[in-house]
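Dock chain E against the given chain G, drawing on the hints supplied.
There are 2 protein chains.
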Amino acid sequence: MLMSQLRAESGVPIATIKYYLREGLLPPGEQTSATRAEYNASHVRRLRLIRALVDVGRLPLATIRKIIEAVEDEQTSVHQMLGAAHYALSLPVEPAPDDPDWQEAGALVDEMITEMGWVIYPDAPTRAELAQTLVSLKRLGMPATRDDLLPYARVADELAREHDLRKVRLDGPRDTAVETLVIMQVLYGRALDALRRLAQEAESARIAGKVQAATGPPPEGD
Amino acid sequence: MLMSQLRAESGVPIATIKYYLREGLLPPGEQTSATRAEYNASHVRRLRLIRALVDVGRLPLATIRKIIEAVEDEQTSVHQMLGAAHYALSLPVEPAPDDPDWQEAGALVDEMITEMGWVIYPDAPTRAELAQTLVSLKRLGMPATRDDLLPYARVADELAREHDLRKVRLDGPRDTAVETLVIMQVLYGRALDALRRLAQEAESARIAGKVQAATGPPPEGD
Numbered sequence: 001m002l003m004s005q006l007r008a009e010s011g012v013p014i015a016t017i018k019y020y021l022r023e024g025l026l027p028p029g030e031q032t033s034a035t036r037a038e039y040n041a042s043h044v045r046r047l048r049l050i051r052a053l054v055d056v057g058r059l060p061l062a063t064i065r066k067i068i069e070a071v072e073d074e075q076t077s078v079h080q081m082l083g084a085a086h087y088a089l090s091l092p093v094e095p096a097p098d099d100p101d102w103q104e105a106g107a108l109v110d111e112m113i114t115e116m117g118w119v120i121y122p123d124a125p126t127r128a129e130l131a132q133t134l135v136s137l138k139r140l141g142m143p144a145t146r147d148d149l150l151p152y153a154r155v156a157d158e159l160a161r162e163h164d165l166r167k168v169r170l171d172g173p174r175d176t177a178v179e180t181l182v183i184m185q186v187l188y189g190r191a192l193d194a195l196r197r198l199a200q201e202a203e204s205a206r207i208a209g210k211v212q213a214a215t216g217p218p219p220e221g222d
Numbered sequence: 001m002l003m004s005q006l007r008a009e010s011g012v013p014i015a016t017i018k019y020y021l022r023e024g025l026l027p028p029g030e031q032t033s034a035t036r037a038e039y040n041a042s043h044v045r046r047l048r049l050i051r052a053l054v055d056v057g058r059l060p061l062a063t064i065r066k067i068i069e070a071v072e073d074e075q076t077s078v079h080q081m082l083g084a085a086h087y088a089l090s091l092p093v094e095p096a097p098d099d100p101d102w103q104e105a106g107a108l109v110d111e112m113i114t115e116m117g118w119v120i121y122p123d124a125p126t127r128a129e130l131a132q133t134l135v136s137l138k139r140l141g142m143p144a145t146r147d148d149l150l151p152y153a154r155v156a157d158e159l160a161r162e163h164d165l166r167k168v169r170l171d172g173p174r175d176t177a178v179e180t181l182v183i184m185q186v187l188y189g190r191a192l193d194a195l196r197r198l199a200q201e202a203e204s205a206r207i208a209g210k211v212q213a214a215t216g217p218p219p220e221g222d
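If you read the protein sequences in the order shown, they are chains G and E.
FYI, the UniProt record's numbering numbers position 107 of the first sequence as 107, with every residue one higher than the one before it.
FYI, the UniProt record's numbering numbers position 3 of the second sequence as 3, with every residue one higher than the one before it.
Only chain G is shown next, with the shape it has when bound in the complex (with noise of 0.2 Å):
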C-alpha cells in the first residue's frame, strides 16, 4: 500500500508517520520509484503498537525507541521482550539503599515475592516502584505489613494468572503482542481502579446504613 493507503488504514496522520520514518521507530518502506514508496500489514502494526505506548502507555519517545528496539530485535526472546514494555510502565523511583525505611520495605518486597513464588528479574524496576509505595504508606501513618499487602498480592496473582496475560496476543506478531500487553495492563488497570472506587462507595453506604440503623433515623436531608 502507498503512504495514502497507510495514513487511511492506521489513523495516523502523514506527518506523524513522516516522522516516526525519521526516528527510526517505523521500518522504511519497500522503494518502488524515486518518490513511490510500498508499506503493507506489518507498518500498520508498528503504527498501532507506537500509538498504544504513546496514547495508552503515556509513554516517553526515548522509552518506546527502546522496547521498539526489544521488539526488532529477534534474538530477545518474546518473554524478555515483554518483559522491556513491563520495565518501561513503571514508574520511575529513586531509592534510599542507605535508609532504614527502604531495606525494611526491600526486605517486604523480597518477603512477598518469595512467598508468592513469583519469578521476577533481580533488577526488575517494580520491586523498587513497590518498595517506594510501602515506605510512602508507613511514613503517612498507615498499615503496610506483611499481612496488610498479601491479599492484594493474590489477588494480583489470581488476575495475571485467569485474566490478564489471556488479554495478551501472545502467539501472534511480536509488535502485536507488545501492543496488547501495554493496552492490557494500563486500561485494565484503569478499570480495576474505577471498579475499587465503586466497590468501596457500595461498602461505604452499607457501612453508613449500619450505623444508621444502630444509631436511629438519618437526619433530615440525608
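Take the hints with a grain of salt, since some may be wrong.
Identical chains share a label here; the pair holds if one copy fits it or two copies do between them.
Claimed, not checked - BS3-like, lysine-lysine: derived pairs with alpha carbons at most 30 Å apart:
1) K18 to K210
2) K167 to K66
3) K18 to K66
4) K138 to K66
5) K167 to K210
6) K66 to K210
No lab work stands behind these hints: they were computed from the structure.
Chain E alone, transformed into the frame defined by chain G:
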C-alpha cells in the same frame, strides 16, 4: 501551640501554612495577642489532610477546597463526605451520550453495578470514568465484555469489603477519615498496580518456560 510548633509538628513550612490560612483551607488559630495565635491538634490534622490531598491525591486546589467544605459541614454525613473525596479522585471524563460505543459501555457499567449489588449514586463520576475505559478497550480491539470485566469487579468487591475500608479510620475525626481514605485509595491502588505487573512477569516467565519445554532447549544467551 504557636505557629512555629505547628510547623514542627506537621512538617509543613510556615509560608505554606500562611498560604492555607489565607485561602481559608486551614481555620484561623485562637488570637492570644495582636501578633500571636494558638493552634491545636485539629490544625495539625487539617494540615495532614491537605498534604495527603496535594501529595498523594495530586488534586488541584479548587477540588481540595470542595473536600474541605464537605469536611467542615457537619450536616454532611461521613458517607457523603467520603463520597466527595472519592469523586474528586475520579479522572475527568467527557461522556459522549450520542455515541453508540458510549451507550453500550454505559449499559455495561449499569449491568455490572446491578449484578454486583452495589449501591452507587446515579451521577457518580466513577460511572463515566469506567465507561470511557471500556470504550477505549473496544476501540483498540481488546476484549471488554461483561465476562471480561466481571472478574475484576469481583476482586474489587472483595478488596473493598475485606481490606480497603478497614484501613480507613471511620470512627475518629472527620479530617482523619478523609485523609486515610485518600491515602488508602491512591497508595494501595499504586501497590496493586505494581503487584499486578510483578504477577504478570512471573506468569509470563511460566508461560515462556512451558513453551521452551515444548519446543526444546532455550537458545544461547537467553
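Verification of the supplied hints:
1. K18 to K210: neither (62 Å within a copy, 40 Å between copies)
2. K167 to K66: Classified as within: same-chain Cα gap 23 Å, cross-chain 40 Å, threshold 30 Å.
3. K18 to K66: within (19 Å within a copy, 46 Å between copies)
4. K138 to K66: For K138 and K66, the Cα distance is within 30 Å only across copies (27 Å; inside one copy 34 Å).
5. K167 to K210: between (40 Å within a copy, 18 Å between copies)
6. K66 to K210: between (53 Å within a copy, 27 Å between copies)
The structure fails to meet hint 1 from the earlier list, while all remaining hints are met.
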